[in-house]
Amino acid sequence: MSAMSLRSLNLPGVGTKYEFETDKGDTVAIFFTKTGTIQMYTLQKDCHTPSAAEMTPVEARRLGNILTGAIIEADQESVEIAFSALADLRVTIHSFLIPKAIAGRTIEDLQIRAKTGATVIAVCRHDRNIVNPPPAFVFETGDAALVIGESDQIRMFEREIMVE
Amino acid sequence: MEGIVLALFVCLLLALITKYLSVPAIPFYILAGVLLGKAGLGLVTSDVISRFFSEMGLIFLLFFMGLGLKPERIAANRSAVLTSGIIDLNVNMIIGFVAAYLLGFSIIESLIVASAFYISSTAMAITSLIENRKLMLREAETVIWLMVFEDLILIIFLAIISAGNQNLIVFLVKILGVLAVLYALAHYGKEFLISILDRDDELPILFTFAAVLTTASFSMYLGVPETMMVIALGVAFATTDPDAFEQHARPFKDVFLVVFFVFFGVTIDFSGGINWYMITIICLLAIVSKLISGILTGIFIHGSVQSGLEIWGNTIGRGEFSIAIAVLYGSPIVGTTIAAMVIVTSIIGSFTAKYSTSLRRGIMHFGRKKSPLHRVHLGR
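If you read the sequences in order, they're chains Y and A.
In this text, residue positions in the first sequence follow our numbering: the first is 1, and each later residue adds one.
In this text, residue positions in the second sequence follow our numbering: the first is 1, and each later residue adds one.
Hints in this document: simulated from the structure, not taken from any laboratory.
Using N, Cα and C, we set each Cβ at its ideal position, and we do this for glycine too.
Be aware that a few hints might be false.
[What the hints assert, rightly or not] No farther apart than 30 Å at their CA atoms in a straight line, the calculated lysine-lysine pairs in the BS3-like style are these: (1) A:354 with A:38; (2) Y:115 with A:19; (3) A:354 with A:190; (4) A:38 with A:19; (5) A:38 with A:174; (6) A:174 with A:190; (7) Y:100 with Y:115; (8) A:174 with Y:34; (9) A:354 with Y:45; (10) A:38 with Y:34; (11) Y:45 with Y:24; (12) Y:34 with Y:45; (13) A:38 with Y:24.
[Unchecked claim] According to the in silico footprint, chain Y covers these stretches of chain A (three or more CB under 8 Å from chain Y): (14) 64-73; (15) 131-143.
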């Protein structure tokens, strides 16, 4: 961490610039412009022309999720949060699209907690969110379930529950 | 009244088109004004309402400039700001002044032309850096600070020229007095100001508008011009929450400034004849002199001519401040000359800003091509 020196700079009329050089000598610069967009530049060591990408705030957050180690697939997205104060506790939150095979079954009946240790904390159905679904909750096809647990438990959920 | 509506409608269409093509809109607003106004079809004439709107545009432009000037920031970057700023000032002011004087303008007129000639468009330079994704280039920072320095020089210029017949020292003391009072108000009223700006209702925007207009109206009693008053207000308010003030003043600035540009075009009068020869020379020199100052800055700051070309490419466009100078102090013939210069340089500038990277690459390529030939020649 100490090798990386982050430089932040306020540019009049433009916005805020953050820049740092990696151990290998590449440079990354991020600009939060006053127009509301975020521009990211990367400059390879010994190279003169940077390449740039312009992002909306939502896209920038998505990129941030990827960089912090989350896996994002087409419809599935996962975030790992580490609490360094709590003995480096790591919790993963992962979204799954409910397949036909388990549609019509309940959380209790699938024995999700007993089999995997993971917990379903929310279900998104037709753009409505059901937070903390009860054990008797019945899945339907098209539901997206948000599952929380340690990464092993999430993997177990994917293997044991999603294929039934 | 119908005139303003027609002009605004045309500007709305132009804004849509220029944003789509990502070219600066200012030259097209002025051209639209010329076409609709006195010199063109005569569909739109300036009246009390348009003059009031235009004045608002100028006031809000300068208030914005004041908000962006943070004296402590400039002090922190003194050396970088000074070197590039002084090169840019000397080269362009001298070329602009000598050219205007030799072309037959009086000394005062030549000074006004030279100032408009010197000052690049901050809005165009910054938009071009963002839109052409050049923020990371080392020249970008130089360009940004150059714009800040130019703004400072503009303020000094406005102060000197608007002093008129008054004793300059008395005048400067008055301005400093106004600045001190506004600073004190902003300092002691900071919590009150911030509590107003934080509200969700109409208060923040109403307060911003009223504060700017009230300050401008005080100029009558103090003998300090409106321009100086609103810049000072901007500088003072910048010590509280400049982002919030920018946000609340932006709608006024955006709308009134468009009226300001289009009615500047409307009032342009060709009845005195247009001296195409003179206009062509000024426009060409406006591009060449920024090339000279850009290359010198590139060599002194970055040790590279190519950096100089990059700086040049982004600072060719003259815009809002040149027009402001023309409106405030220009005679019709000075106004026409500055208008032509703004239109030509801003259109050319938008292309050089977009293609400066390929231009640099082309020059590097050319350099590389030349060297082996050179070697072959030496080998023989």
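Hints, verified against the model:
Using a Cα cut-off of 30 Å, the hinted pair residue 354 of chain A and residue 38 of chain A is violated, with the two alpha carbons roughly 34 Å apart. Between residue 115 of chain Y and residue 19 of chain A the CA atoms are separated by roughly 57 Å; this puts the pair beyond 30 Å, and the hint is violated. The hinted pair formed by residue 354 of chain A and residue 190 of chain A fails the criterion: a straight-line CA distance of about 42 Å is larger than 30 Å. Distance restraint check for residue 38 of chain A and residue 19 of chain A: the Cα-Cα separation of roughly 27 Å lies within the 30 Å cut-off, and the hinted pair is therefore satisfied.
About 39 Å separates the Cα atoms of residue 38 of chain A and residue 174 of chain A, which puts this hinted pair outside 30 Å; it is violated. Among the hinted pairs, residue 174 of chain A with residue 190 of chain A is consistent with the structure: their alpha-carbon atoms are about 24 Å apart, no more than 30 Å. For the given pair, residue 100 of chain Y sits about 20 Å from residue 115 of chain Y by alpha-carbon distance, which is consistent with the 30 Å threshold. With a C-alpha separation of about 34 Å, the suggested pair residue 174 of chain A and residue 34 of chain Y falls outside the 30 Å cut-off, and the hint is violated.
Between residue 354 of chain A and residue 45 of chain Y, the direct Cα distance comes to roughly 25 Å. Compliance with the 30 Å bound is thereby established for this hinted pair. Between residue 38 of chain A and residue 34 of chain Y, the direct Cα distance comes to roughly 38 Å. Violation of the 30 Å bound is thereby established for this hinted pair. About 8 Å separates the Cα atoms of residue 45 of chain Y and residue 24 of chain Y, which keeps this hinted pair within 30 Å; it holds. For the proposed pair residue 34 of chain Y and residue 45 of chain Y, the alpha carbon gap of about 29 Å is at most 30 Å, so the pair holds.
Between residue 38 of chain A and residue 24 of chain Y the alpha-carbon distance is near 64 Å, which puts this suggested pair outside the 30 Å criterion. Only residues whose C-beta sits within less than 8 Å of a C-beta in chain Y count toward coverage, and the region 64-73 of chain A has 4 of them, enough to reach three; the restraint holds. For a cut-off of 8 Å, the count of residues in the region 131-143 of chain A with a CB near a CB of chain Y stands at 5, and the three-residue condition holds.
The structure shown violates the earlier hints numbered 1, 2, 3, 5, 8, 10 and 13.
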